[in-house]
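A.B. asks: The residues making up each chain are set out below.
There are 2 protein chains.
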Amino acid sequence: MSLIVQKFGGSSVADAESIKRVAKRIVETRKAGHDVVVAVSAMGDTTDELIDLALEVTPQPDPREMDMLLTTGERISMALLAMAIKSMGHEARSFTGSQAGMITDARHGAARIVDVTPVRVREALDDGAIAIVAGFQGFSRDSKDITTLGRGGSDTTAVALASALKAEVCEIYTDVDGVFSADPRVVKRARKLDQVSTEEMLELAAAGAKVLHIRAVEFARRHNVTLHVRSSFSHLPGTLVVPPSEKDTMEEPIITGVAGDLTDAKITVVGVPDTPGMAADIFTIVAKTGANIDMIVQNVSLAATGRTDISFTLPKSDGDKVLTALRAEQPTIGFQSLQYDDQIGKLSVVGGGMRTSAGVSAALFTALKEAGINMEMISTSEIRISVVTRADVLNHAVQVVHTAFGLDADDEAVVYAGTGR
Amino acid sequence: MSLIVQKFGGSSVADAESIKRVAKRIVETRKAGHDVVVAVSAMGDTTDELIDLALEVTPQPDPREMDMLLTTGERISMALLAMAIKSMGHEARSFTGSQAGMITDARHGAARIVDVTPVRVREALDDGAIAIVAGFQGFSRDSKDITTLGRGGSDTTAVALASALKAEVCEIYTDVDGVFSADPRVVKRARKLDQVSTEEMLELAAAGAKVLHIRAVEFARRHNVTLHVRSSFSHLPGTLVVPPSEKDTMEEPIITGVAGDLTDAKITVVGVPDTPGMAADIFTIVAKTGANIDMIVQNVSLAATGRTDISFTLPKSDGDKVLTALRAEQPTIGFQSLQYDDQIGKLSVVGGGMRTSAGVSAALFTALKEAGINMEMISTSEIRISVVTRADVLNHAVQVVHTAFGLDADDEAVVYAGTGR
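First to last, the protein sequences are chains A and B.
Residue numbering for the first sequence follows the UniProt record's numbering, starting at 1 and increasing by one per position.
Residue numbering for the second sequence follows the UniProt record's numbering, starting at 1 and increasing by one per position.
Keep in mind that the hints were calculated from the coordinates and are not lab data.
Treat the hints with care, as some may be off.
Same chains, same names: a pair is fine if it fits in one copy or spans any two.
[To be verified] Each computed DSSO-like pair below joins lysine-lysine, with the alpha-carbon atoms no more than 30 angstroms apart: (1) K188 / K144; (2) K144 / K166; (3) K369 / K24; (4) K188 / K31; (5) K369 / K144; (6) K210 / K369; (7) K192 / K369; (8) K31 / K144; (9) K144 / K24; (10) K288 / K144; (11) K369 / K166; (12) K166 / K31; (13) K188 / K369; (14) K24 / K321.
Only a predicted model underlies this, so the values are computations on that prediction, with no experimental measurement involved.
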């Protein structure tokens, strides 16, 4: 009997009705003859509400206690889900992160999974029960304390379970039909992709595609887990995210998709002395803040001044701490000033085909030029090209490029009312 | 350094503000040079809200999952309380029932404590931290599952911890100043008792005094734990509930207090054949339903008929199941009919002094007679006399008796707005 791991996000279990609907769906899979393990998130906005409550008590909640607090969210949804399934006449057992053997390090709020020992989950399956596991949470063997994996952690929980239990597939249920060649809310003729490689998915996620949490995709790639991103509102097949080896390269298009991202900002370090190792010094400081840098561009140094500018993009949420860290080191580095710009948009085209096909960047730049869209930064990886534009023209840019690469579908994509995960 | 266990109920931690107030109170105790262990209930009506949520999902929630669900309530309040204390610059660590070593049997929803091994609580104290323990919950060694102790369980958690940790005292914080000679809401001149024996407290609780959960008092008596019932809204000393031995008998009054209870109903089994062992048969049937019987009265048999009536009181909530059970056995027992009366009030006078002083019942009956209050049932124990009256005259009866036994204070008791625990 094949084992399937299913992950349901907060919007899929927002209230009693949704929980019953999800329970029905799980039971269908069980009836189809599969062993089923479910990873579930907290109901709707529970996590945010708990955070607000903590902030009412103290502006700096203790990390250990914060994890103790937040992990109650998934325990509520998993218990309700197990009740719902049992009320439909099927065995179900819920397990907390520690009960499910999600062993992590002790970094509260951003714990890393170090081991998965789902002994009790196995027992439940052997007893013919459906196992419901609390997403997002784990347990530190060293500190004996409860930990959380950080935002989007439930996706990671599901993939880690799928890997440890050798599941046939890990189904990630969301409120769209799957992974699209572009955001259907932006590009009307966005095309649902039947299959992408984990590598491409990783670039798409990094490029701003919200559908999957990047950490979960990384985990899936490292452990060869096949993901199936599909809608919890329909029974249509979604998008298979498969290890590169398994992907049928015959069908591989040059470009898989186009992604737009408005969550980044740009910092420019102006007038950096153009001496060896300066960039290293700057990004060492940035790295210490824990900020995630995406694109980096260094202008050609102006011989006259012997100084250069270094620009990089990072999540807006990391802006303040990085600016503060750099200002503190201004004397030692000796740059002239800092510029912060949070009105940028990042457009990325992703596709395994790029490796082998020349001229993708040329085609991209041409499309943007014809649309009169200015590029402020460019960076390329083996299967991704990203450019920075003004924020207000990003959606138009995504449209144009999607069409230019012949990705438009024949008919328009269905967009659900769902609030996303 | 002496160890104090403090218990705070749901109304004391109903919102962020109350939690900060309680945290301040705990820190004061710590600053006074004590080790402090806190048992805390779920915030306000959280438990009821979680129950409602479960009932929305299914009319018969699975007991194991129900416990998984309900135990999140105390985890939220304890985490918030620990955060609040840490934000005041004191070390605090919260522990779930299992982390605190609350080992119970596997009876979900009504688990019994079988062992208390508070190893991590000890470690926290040795590290100079304040330990916050989730009330109401435990962990079954056999099933490895999370359990709950049933309603009022947080009082029991506190007493069990005090016993296991050899605490100097177990402080039960509530919204009244302590244990009164009668309900201050009924008797204006009710007197706050400085000290009562656990035995008397047990009778008072059984007689309807809401201030302490009867199970916790039983536990305190069996394990010689001294309780201090006091208000979380004032710093006045409350009522010490001490093992009989320790109670200063010099001060022992004949009557400790008067309690009224409107939660009971009366069942009369009419026309029972007056043959040996009939009562035994009837109460075996009743016992099988798990109902708690309080008073039992058997009328003198009428020689003419050879039949007798047997009346007993029980919680209204148990009425239906007992009536059903008895009707089912009517043929075998051969009684004529059943009468159910839920309009009764139960008045009890409690006092260790009764043992040695004659005429307490006489004085009680006289007081009621002079007030024109009719008694329908009478039962006496070594330190308690209870009588059943009509429900609508109970409060008046309590007033009258309180005065008759000279319990009235010189001034009126302060009644807080608090909603009780």
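A.B. asks: Hints first: check each against the structure and report whether it holds.
C.D. replies: Evaluated hints:
no. : hint        : result
1   : K188 / K144 : neither (50 angstroms within a copy, 52 angstroms between copies)
2   : K144 / K166 : both (27 angstroms within a copy, 25 angstroms between copies)
3   : K369 / K24  : neither (51 angstroms within a copy, 64 angstroms between copies)
4   : K188 / K31  : neither (37 angstroms within a copy, 65 angstroms between copies)
5   : K369 / K144 : neither (58 angstroms within a copy, 65 angstroms between copies)
6   : K210 / K369 : within (27 angstroms within a copy, 79 angstroms between copies)
7   : K192 / K369 : within (27 angstroms within a copy, 86 angstroms between copies)
8   : K31 / K144  : between (38 angstroms within a copy, 28 angstroms between copies)
9   : K144 / K24  : between (36 angstroms within a copy, 28 angstroms between copies)
10  : K288 / K144 : within (28 angstroms within a copy, 42 angstroms between copies)
11  : K369 / K166 : neither (48 angstroms within a copy, 79 angstroms between copies)
12  : K166 / K31  : within (20 angstroms within a copy, 54 angstroms between copies)
13  : K188 / K369 : within (22 angstroms within a copy, 87 angstroms between copies)
14  : K24 / K321  : neither (46 angstroms within a copy, 33 angstroms between copies)
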